[in-house]
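Position in the sequence shown (from 1) plus 122 gives the number in my numbering.
Hints should not be assumed to be uniformly reliable.
Said to hold, decoys possible - Using 30 Å as the maximum straight-line C-alpha spacing, the simulated DSS-like pairs for lysine-lysine come out as follows:
(1) LYS151 - LYS214
(2) LYS151 - LYS130
(3) LYS130 - LYS158
(4) LYS190 - LYS158
(5) LYS188 - LYS158
(6) LYS151 - LYS173
(7) LYS130 - LYS190
(8) LYS130 - LYS143
(9) LYS173 - LYS190
(10) LYS214 - LYS188
(11) LYS190 - LYS151
(12) LYS143 - LYS214
(13) LYS188 - LYS130
(14) LYS188 - LYS151
(15) LYS143 - LYS188
(16) LYS173 - LYS158
(17) LYS188 - LYS173
(18) LYS214 - LYS158
(19) LYS190 - LYS214
(20) LYS143 - LYS158
(21) LYS143 - LYS190
(22) LYS130 - LYS214
(23) LYS130 - LYS173
Derived by calculation from the structure, the hints in this document are not laboratory data.
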Amino acid sequence: MSPQVTLKASATTVRRGATVKSSGTVASKETGATVKLQVYRSGAWTTIASKPQSSTGQAAFTVSEKIKGTFTYRLLTVATTGFAAAHSPSVKITVS
């Protein structure tokens, strides 16, 4: 079974160097399960941060891009006993 994974960003358009807070929820709520924030670059997803999820399934990250462009992020949870790996729908952030 795959858990439902969500990702939200505090802003979708920011100035270069500004910090964006992103938060997500994993419906499996397995305390300590690894959650990864990934960005899509050069045709592949790359993990830029990871941490264990809380007992409520929450995980929060901050992102700051140094160059202009539109960046696509997602939250990935790794497979655990009883749950398959799953990812959130992607979130785009434009840096001007």
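Now for the hints, and whether the structure bears them out:
Under the criterion of a C-alpha separation no larger than 30 Å, the hint pairing LYS151 with LYS214 is consistent with the structure, at around 25 Å. Of the pairs offered as hints, the one joining LYS151 and LYS130 holds, with about 17 Å between alpha carbons and a cut-off of 30 Å not exceeded. The hinted pair formed by LYS130 and LYS158 meets the criterion: a straight-line CA distance of about 14 Å does not exceed 30 Å. Restraint check for LYS190 and LYS158: the C-alpha separation of about 23 Å stays at or below 30 Å, so the hint holds.
A distance of roughly 21 Å separates the Cα atoms of LYS188 and LYS158; the hinted pair therefore holds under the 30 Å criterion. Of the supplied pair hints, the one linking LYS151 and LYS173 holds, its CA atoms being roughly 14 Å apart against a limit of 30 Å. As the CA atoms of LYS130 and LYS190 are separated by approximately 21 Å, the hinted pair is consistent with the 30 Å bound. Between LYS130 and LYS143 the alpha-carbon distance is near 8 Å, which keeps this suggested pair within the 30 Å criterion.
As the CA atoms of LYS173 and LYS190 are separated by approximately 27 Å, the hinted pair is consistent with the 30 Å bound. A threshold of 30 Å between alpha carbons decides the hint, and for LYS214 with LYS188 the separation of about 16 Å falls inside it, so the pair holds. Restraint check for LYS190 and LYS151: the C-alpha separation of about 35 Å exceeds 30 Å, so the hint is violated. Between LYS143 and LYS214 the alpha-carbon distance is near 13 Å, which keeps this suggested pair within the 30 Å criterion.
Of the pairs offered as hints, the one joining LYS188 and LYS130 holds, with about 21 Å between alpha carbons and a cut-off of 30 Å not exceeded. For the hint linking LYS188 to LYS151, the alpha-carbon distance of about 33 Å lies beyond 30 Å, and the restraint is violated. For the hint linking LYS143 to LYS188, the alpha-carbon distance of about 15 Å falls within 30 Å, and the restraint holds. The straight-line distance between the Cα atoms of LYS173 and LYS158 is roughly 7 Å, inside the 30 Å bound, and the hint therefore holds.
Proposed proximity of LYS188 and LYS173 is supported: the alpha carbons are some 23 Å apart, at most 30 Å. Between LYS214 and LYS158 the alpha-carbon distance is near 16 Å, which keeps this suggested pair within the 30 Å criterion. Between LYS190 and LYS214, the direct Cα distance comes to roughly 13 Å. Compliance with the 30 Å bound is thereby established for this hinted pair. As the CA atoms of LYS143 and LYS158 are separated by approximately 14 Å, the hinted pair is consistent with the 30 Å bound.
Only pairs whose Cα atoms come within 30 Å are accepted, and LYS143 paired with LYS190 is accepted, the gap being roughly 18 Å. For the suggested pair LYS130 and LYS214, the alpha carbons sit about 10 Å apart, so the restraint of at most 30 Å is met. Between LYS130 and LYS173, the direct Cα distance comes to roughly 17 Å. Compliance with the 30 Å bound is thereby established for this hinted pair.
Hint compliance for this structure: hints 11 and 14 are broken, all remaining hints hold.
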